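K.L.:
Sequence:
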Amino acid sequence: MGRNTDKLYVTQTEHSGSEGRHGANTGILQRKSAVLQRRLPFIYCALTLQAWEHPVCLLDAGRNATMFDLLAIVPWIQKKGTNPITGTPLDAKDLIKLSFSRNEQGEFCDPVTMKVFNDHTHIVAVQQTGNVYAHETVDRLNIKAKHWHDLISDVPFSRTDLLTIQDPHNLTTNSVPGSIRTAAIPQIESKSVDDRSSVSRDNKIKTAQRALERLRSGDNKDIKSKTTAASTVVSKTSLPYNVANYSTGYTAASFTNSGMTVDTRNERALLTEEEYLLHPKKIKTKGLCSLKTSLGSLDLELWPEHAPKAVYNFVKLAKNDYYNGVVFHRNIPGFMIQGGDPSGKGTGGCSIYNKDFEDEFSPQHSHEKRGLLCMANKGPNTNSSQFFILYDSARHLDKKHTIFGQVIGHSETLDLMERVPLKGDKPKTPIMIDRILVLLDPFEDYLKNEAVRRQKSAQKRETTEDDVTTWTSQPAKRRGTSHTVASIRKHAQGEVGTYLKDSVTKTTLPEPDEVSRARAHGPKKINSTGTFGNFSSW
73 MGRNTDKLYV
83 TQTEHSGSEG
93 RHGANTGILQ
103 RKSAVLQRRL
113 PFIYCALTLQ
123 AWEHPVCLLD
133 AGRNATMFDL
143 LAIVPWIQKK
153 GTNPITGTPL
163 DAKDLIKLSF
173 SRNEQGEFCD
183 PVTMKVFNDH
193 THIVAVQQTG
203 NVYAHETVDR
213 LNIKAKHWHD
223 LISDVPFSRT
233 DLLTIQDPHN
243 LTTNSVPGSI
253 RTAAIPQIES
263 KSVDDRSSVS
273 RDNKIKTAQR
283 ALERLRSGDN
293 KDIKSKTTAA
303 STVVSKTSLP
313 YNVANYSTGY
323 TAASFTNSGM
333 TVDTRNERAL
343 LTEEEYLLHP
353 KKIKTKGLCS
363 LKTSLGSLDL
373 ELWPEHAPKA
383 VYNFVKLAKN
393 DYYNGVVFHR
403 NIPGFMIQGG
413 DPSGKGTGGC
423 SIYNKDFEDE
433 FSPQHSHEKR
443 GLLCMANKGP
453 NTNSSQFFIL
463 YDSARHLDKK
473 HTIFGQVIGH
483 SETLDLMERV
493 PLKGDKPKTP
503 IMIDRILVLL
513 DPFEDYLKNE
523 AVRRQKSAQK
533 RETTEDDVTT
543 WTSQPAKRRG
553 TSHTVASIRK
563 HAQGEVGTYL
573 KDSVTKTTLP
583 EPDEVSRARA
593 HGPKKINSTG
603 TFGNFSSW
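Per the working numbering, the very first residue in the sequence shown carries number 73; after that it's consecutive.
Hints listed in this document are in silico derivations from the structure and should not be mistaken for laboratory results. Keep in mind the model is a prediction, meaning the values are calculated, not measured. There's no promise every hint is true.
Quick list of the computed label-pair ranges, beta carbon to beta carbon [to be verified]:
| hint | residue 1 | residue 2 | range |
| --- | --- | --- | --- |
| 1 | H241 | E125 | 25 to 31 Å |
| 2 | Y318 | A530 | 23 to 29 Å |
| 3 | F433 | E125 | 31 to 37 Å |
| 4 | V82 | D233 | 30 to 36 Å |
| 5 | Q150 | N521 | 26 to 32 Å |
| 6 | N521 | C422 | 26 to 32 Å |
| 7 | K417 | K528 | 36 to 42 Å |
| 8 | S362 | E208 | 53 to 59 Å |
| 9 | D464 | R337 | 28 to 34 Å |
| 10 | A316 | D487 | 45 to 51 Å |
| 11 | K498 | S434 | 27 to 33 Å |
| 12 | F433 | K358 | 14 to 20 Å |
| 13 | K532 | H468 | 52 to 58 Å |
| 14 | K528 | H468 | 29 to 35 Å |
By construction, the Cβ of each residue, glycine as well, lies at the ideal position given by its N, Cα and C atoms.
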């Protein structure tokens, strides 16, 4: 019999062998390898190691793209003529412009599925058009469907025209260490500190002035002509305010139903006004109504934050004069008074949705006090147009009826209603609703505020500080917009400094030549008398 050599534990050889690769220095080696394979984010330029503004890319042998900023790589090519990563010769014609899409929040996303790009997204682009997509979108709508056309511009392409911008499973591309190879940078003769300090400030100011004038006059057209396109477009998808987070479904239906026309545009569905507004805790502004009855008025406060559907139904019916001439058909002293049925029998009524809508229960509210405004129903989720007002606490109605408001004024009218003589549970003298005045519609107010906010946001994107001033704090001559300081001050009414004189706000900066002459003569000497002197100029 031979001996059994199988151990019931992992030996040191198995730990340090080719399978395990465990040892005393394993953690250090793994950390070093992780540092060497750290990848540069796709929104950063491999030359400046900063976020790019005009994205272009350069392909390697594996169809992997290295991201650059147009304003950084073109001057490098003009001066060096080499690839800053590998040191090989490079021409500006090899650059490929890219077109990224943004969502409403300004984040880079897939233009078809609107999924936001992050560090773990597999990002590809089409070489002919430069449009950037998520790999799963291209794989599902182009590769698997064998539809070799760009999803936005419908330009035909092949599989070899796809380039990879970011692959989360390949950490060797766009690594941070060694992004700019020393072989690509020619040796520069060292200069002493004295030589560098000998450059006068006047020359710096003149150089900056010439660069600014060159930028204003559009001398960078020769740079744009050397790239594959005149400019790089970063498109921002403008969406309506009521856009849904799901699509219309036409794209999926066209791929699965042969009777429909093929549609490759994945458009997002639009929500109706009710679907957009009626979400709990979306509208926090309280509504106000005045209930005019034959016995007097009742001031009502509405709570759309906790019961948006009930408040929306009540407000819309009131604006449509639905409750005009309707009587309170049920009155029980010490409990409640009920109305809202046009038939006056307590069996009718219709909501603004043309159907019964569901209950809206909130843990913050309970039938615990007098004057609460609640929805009447005939069972769960059967709310229509009928409502009731409590005379006293009725906690047994919790989780059975929706509370959507309360009486906040003219409570003496509610006392008169409770003391009306009855015949059974109906008033002998009918208590009639003359009309309901909506003093504050929270939904209309919300839509107006949203429209103003979107308008201000659009104006902020069109008019920025760069449109009226340059980096030298001088008024810009031309930045592609007709806005001026005066026009912006006109729109800034009500802000700090509105009523200041123009002479105070106008400041003139000296020209660079004047600055150089002033510095040549040196600072002006101030005669010191040794006393405090006269303070009249303070």
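K.L.:
All hints are to be evaluated individually against the structure, with a verdict given for each.
P.N.:
Hint check:
1. H241 - E125: 25 to 31 Å: Taking Cβ atoms as reference, H241 and E125 lie about 29 Å apart, which means the hint holds.
2. Y318 - A530: 23 to 29 Å: holds, 26 Å
3. F433 - E125: 31 to 37 Å: violated, 51 Å
4. V82 - D233: 30 to 36 Å: Violated, at about 50 Å.
5. Q150 - N521: 26 to 32 Å: Distance hint for Q150, N521 is violated at roughly 51 Å.
6. N521 - C422: 26 to 32 Å: holds, 31 Å
7. K417 - K528: 36 to 42 Å: violated, 51 Å
8. S362 - E208: 53 to 59 Å: Cβ of S362 to Cβ of E208: about 56 Å, so the range 53 to 59 Å holds.
9. D464 - R337: 28 to 34 Å: Roughly 60 Å apart at Cβ, these two residues miss the hinted range, so it is violated.
10. A316 - D487: 45 to 51 Å: Given about 48 Å between the Cβ atoms, the range holds.
11. K498 - S434: 27 to 33 Å: holds, 31 Å
12. F433 - K358: 14 to 20 Å: holds, 19 Å
13. K532 - H468: 52 to 58 Å: holds, 53 Å
14. K528 - H468: 29 to 35 Å: violated, 49 Å
When held up to the earlier numbered hints, the structure conflicts with 3, 4, 5, 7, 9 and 14 and fits the remainder.
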